[in-house]
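Undergrad: Given the structure of chain W, go ahead and fit chain G onto it with the hints provided.
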Amino acid sequence: MTTTSTVPTVPYDEALQEFEPVIGLETHVELGTASKMFCGCDTAFGAEPNTHTCPVCLGLPGALPVVNATAIESTIRIGLALHCDIASWCRFARKNYFYPDMPKNFQTSQYDEPLCTDGYLDVVVAGETVRIPIERVHLEEDTGKSLHVGGATGRIHGADHSLVDYNRAGIPLVEIVTKPVTGTGAMPAEVAKAYVAELRDVLRGLGVSDVKMEQGSLRCDVNVSLNRPGEEWGTRSETKNVNSLRSVERAVRSEVERQAHRLRNGERIVQETRHFHEDTGMSTSGRSKEEATDYRYFPEPDLVPIAPDPAWVAELKAALPEAPSVRRRKLVAELGLSDNDSAAMVNAGVLDVVLATVEAGASAAEARNWWLGHLAQKANERGTEAVELPVTPEQVARVIALVGEGTLTAGLARQVLDGVLAGEGEPDEVVAARGLAVVSDEGALTTAVDEAIAADPDAAEKVRAGKVAAAGALVGKVMKATRGQADASVVRRLVLERLGVTEG
Amino acid sequence: MPEITREEVAHLARLARLALDEAELDVLAGQLDVILGAVAQIAEVTDAADVPPTSHAVPLENVTRPDVVVASLPRDAALAGAPAAEEGRFRVPRILDEE
Numbered sequence: 005m006t007t008t009s010t011v012p013t014v015p016y017d018e019a020l021q022e023f024e025p026v027i028g029l030e031t032h033v034e035l036g037t038a039s040k041m042f043c044g045c046d047t048a049f050g051a052e053p054n055t056h057t058c059p060v061c062l063g064l065p066g067a068l069p070v071v072n073a074t075a076i077e078s079t080i081r082i083g084l085a086l087h088c089d090i091a092s093w094c095r096f097a098r099k100n101y102f103y104p105d106m107p108k109n110f111q112t113s114q115y116d117e118p119l120c121t122d123g124y125l126d127v128v129v130a131g132e133t134v135r136i137p138i139e140r141v142h143l144e145e146d147t148g149k150s151l152h153v154g155g156a157t158g159r160i161h162g163a164d165h166s167l168v169d170y171n172r173a174g175i176p177l178v179e180i181v182t183k184p185v186t187g188t189g190a191m192p193a194e195v196a197k198a199y200v201a202e203l204r205d206v207l208r209g210l211g212v213s214d215v216k217m218e219q220g221s222l223r224c225d226v227n228v229s230l231n232r233p234g235e236e237w238g239t240r241s242e243t244k245n246v247n248s249l250r251s252v253e254r255a256v257r258s259e260v261e262r263q264a265h266r267l268r269n270g271e272r273i274v275q276e277t278r279h280f281h282e283d284t285g286m287s288t289s290g291r292s293k294e295e296a297t298d299y300r301y302f303p304e305p306d307l308v309p310i311a312p313d314p315a316w317v318a319e320l321k322a323a324l325p326e327a328p329s330v331r332r333r334k335l336v337a338e339l340g341l342s343d344n345d346s347a348a349m350v351n352a353g354v355l356d357v358v359l360a361t362v363e364a365g366a367s368a369a370e371a372r373n374w375w376l377g378h379l380a381q382k383a384n385e386r387g388t389e390a391v392e393l394p395v396t397p398e399q400v401a402r403v404i405a406l407v408g409e410g411t412l413t414a415g416l417a418r419q420v421l422d423g424v425l426a427g428e429g430e431p432d433e434v435v436a437a438r439g440l441a442v443v444s445d446e447g448a449l450t451t452a453v454d455e456a457i458a459a460d461p462d463a464a465e466k467v468r469a470g471k472v473a474a475a476g477a478l479v480g481k482v483m484k485a486t487r488g489q490a491d492a493s494v495v496r497r498l499v500l501e502r503l504g505v506t507e508g
Numbered sequence: 038m039p040e041i042t043r044e045e046v047a048h049l050a051r052l053a054r055l056a057l058d059e060a061e062l063d064v065l066a067g068q069l070d071v072i073l074g075a076v077a078q079i080a081e082v083t084d085a086a087d088v089p090p091t092s093h094a095v096p097l098e099n100v101t102r103p104d105v106v107v108a109s110l111p112r113d114a115a116l117a118g119a120p121a122a123e124e125g126r127f128r129v130p131r132i133l134d135e136e
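Going line by line, the protein sequences match chains W and G. Count along the first sequence from 1, add 4, and you get the number used in our numbering. Count along the second sequence from 1, add 37, and you get the number used in our numbering.
These are computed hints drawn from the structure, not numbers from a lab. None of these values were measured; they are calculated from a predicted model. Using N, Cα and C, we set each Cβ at its ideal position, and we do this for glycine too. Hints are not guaranteed to be accurate.
Away from chain G, derived, C-beta distances all over 12 Å, residues of chain W [unchecked claim]: (1) Glu22; (2) Pro65; (3) Ala73; (4) His87; (5) Ala130; (6) Gly285; (7) Met286; (8) Glu304; (9) Pro309; (10) Glu319; (11) Arg332; (12) Glu409; (13) Gly415; (14) Leu425; (15) Glu428; (16) Arg438.
Facing chain W, a subset of chain G residues (Cβ under 7 Å, in silico) [claimed, not checked]: (17) Leu55; (18) Ala56; (19) Glu98; (20) Val100; (21) Asp104; (22) Ala115; (23) Val129; (24) Ile132.
Okay, chain G solo, but in the shape it has when bound:
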């Protein structure tokens, strides 16, 4: 049984705003399925041994900073990397498509 279907890959691509054509979907669905199959094999072992999943590579907790204000970027610097700016703000294309 496949771990991931071609439809699921297409759905994920849409959510991630990746424009995949039909041929790419075929290739990636196959490759992802192999990867997920390998991960599932590991899960069989870890589940049996009751090993908790690792979300962080370093054994650290409670890394915080005090609530202190530090200087922000000058506005020009903040906007410098933006494709477009207007009135001191980031200019973005229309958010909602016309109905």
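Okay, chain W solo, but in the shape it has when bound:
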């Protein structure tokens, strides 16, 4: 694409005073099964291209698919967690299209008989509970990945040819589709983000997927339309390729702003697919939406129907873990967190990781401080959310424990977390590799203290004369010389001792 011109917009808040938004979200979740949906190929991420393929997922003639039992179970559990009805009988269907990401020239999916229908998920936005109605949850297979060669860097436009890796083709993929969500008033972008965040927490709690948006195991398509109050719903656009929580919010926001400008000027909204660009936070127009009938769905003849036994479904339902919202309420009460505190954590989207950090052994206050402080700052620098940083609550809890036992100072702890974020391994590995533990050898510290005194005789003289405050400069020098690895209170004591001064 060579078009760089900015699209005219109306500011978000202003647009939402004039128009009512209707949003819809389609979320794709790669299940965390060991093997693919219809064959036994490994699903591990990051393998060499085309090393996880077989006649079934390559669509070679005569190969026959067989359904992965765990994928069915996981999909039903997702449906139950979202308060859906579970089908007593349903079939897979072929979705026919020609695109090199599917070697079979069809995707095995579900059409008019999804496994789960008609549920909801409650999310809390700005202190208000919003019920997001769920249309359906169905099971399909993921597609391969294409690498576009020639033309602009990696873009399909202008590419000379493409190279396809089918490792991902055939990994079980669950599609969760909301009904149109109305009544979000001035907050459609915030509601959309809160929904995806809550859905991710539900999925993580079920243990059915690793829900890593940065690796594409959770992906989102965002539908937006605007209408004037009292009028019919407007024409919607669908923005694909929205792969972070922050982007879900930005995608809705930018569509509201773009559509409002067009509508205000009497222009039409084209029903189309738009592609979201993480770098700019904007979307560009893609192909116009194909009619559903063009896919010529028909029942998959190679797979027999799925008829979940109601007794089994009832067992799965009874064994569901506690919903994240319920667990959250309980923990907040147990920990005695104030409303302000928990609201601040909800707004930053870190309540769940803070609670998980507490469950991993940290105190609530420490966990809160790290997630709302240093980690929030790191997330901001990276243009992401704290929960999307590559650090786990367990790792944060370990760093807090190291500070508690005196192995790390707060300053060193920040460096250890930075090491974890940089992919240097577990906290203990970072401490060892970077040599970050507190220097508690007083002999070594005394040498550093003597050097500091020798380097700054003026300060030393002032301290000797009783100006204890001047010791700060000497302590600072020692801390610098030891790269922050000394305990400042010990250094201070040594400085005063060496200068023959006793405090207070």
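TA: Here is chain G on its own, set in the frame of chain W:
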């Protein structure tokens, strides 16, 4: 009334990436219309008798396999049937036409 029009056959041919010339379209539209007419006759009977459509020839349900990894094809074997390969991947022609 015909069950399928010549335009519909042309549309389906396009979706299925079949290059049909005008003469073939004429012949196939006629033949498909006869076939669909015959199927419609059956549907009259089954609808009246409330017979559900058959999608599978065998009365089976819930045929699944356990979630166990089995060996994949060696990559060379996977790529062996491809018209072209590059960097361990299937090489395919340009996907989007130039605008």
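Undergrad: Are the hints correct? Go through all of them and say.
TA: Comparing the hints with the structure gives:
no. : hint   : in the structure
1   : Glu22  : holds (34 Å)
2   : Pro65  : violated (10 Å)
3   : Ala73  : violated (4 Å)
4   : His87  : holds (24 Å)
5   : Ala130 : holds (41 Å)
6   : Gly285 : holds (24 Å)
7   : Met286 : holds (19 Å)
8   : Glu304 : violated (8 Å)
9   : Pro309 : violated (5 Å)
10  : Glu319 : holds (15 Å)
11  : Arg332 : holds (30 Å)
12  : Glu409 : holds (41 Å)
13  : Gly415 : holds (45 Å)
14  : Leu425 : holds (31 Å)
15  : Glu428 : holds (30 Å)
16  : Arg438 : holds (36 Å)
17  : Leu55  : violated (11 Å)
18  : Ala56  : violated (13 Å)
19  : Glu98  : holds (4 Å)
20  : Val100 : holds (5 Å)
21  : Asp104 : holds (4 Å)
22  : Ala115 : holds (5 Å)
23  : Val129 : holds (4 Å)
24  : Ile132 : holds (6 Å)
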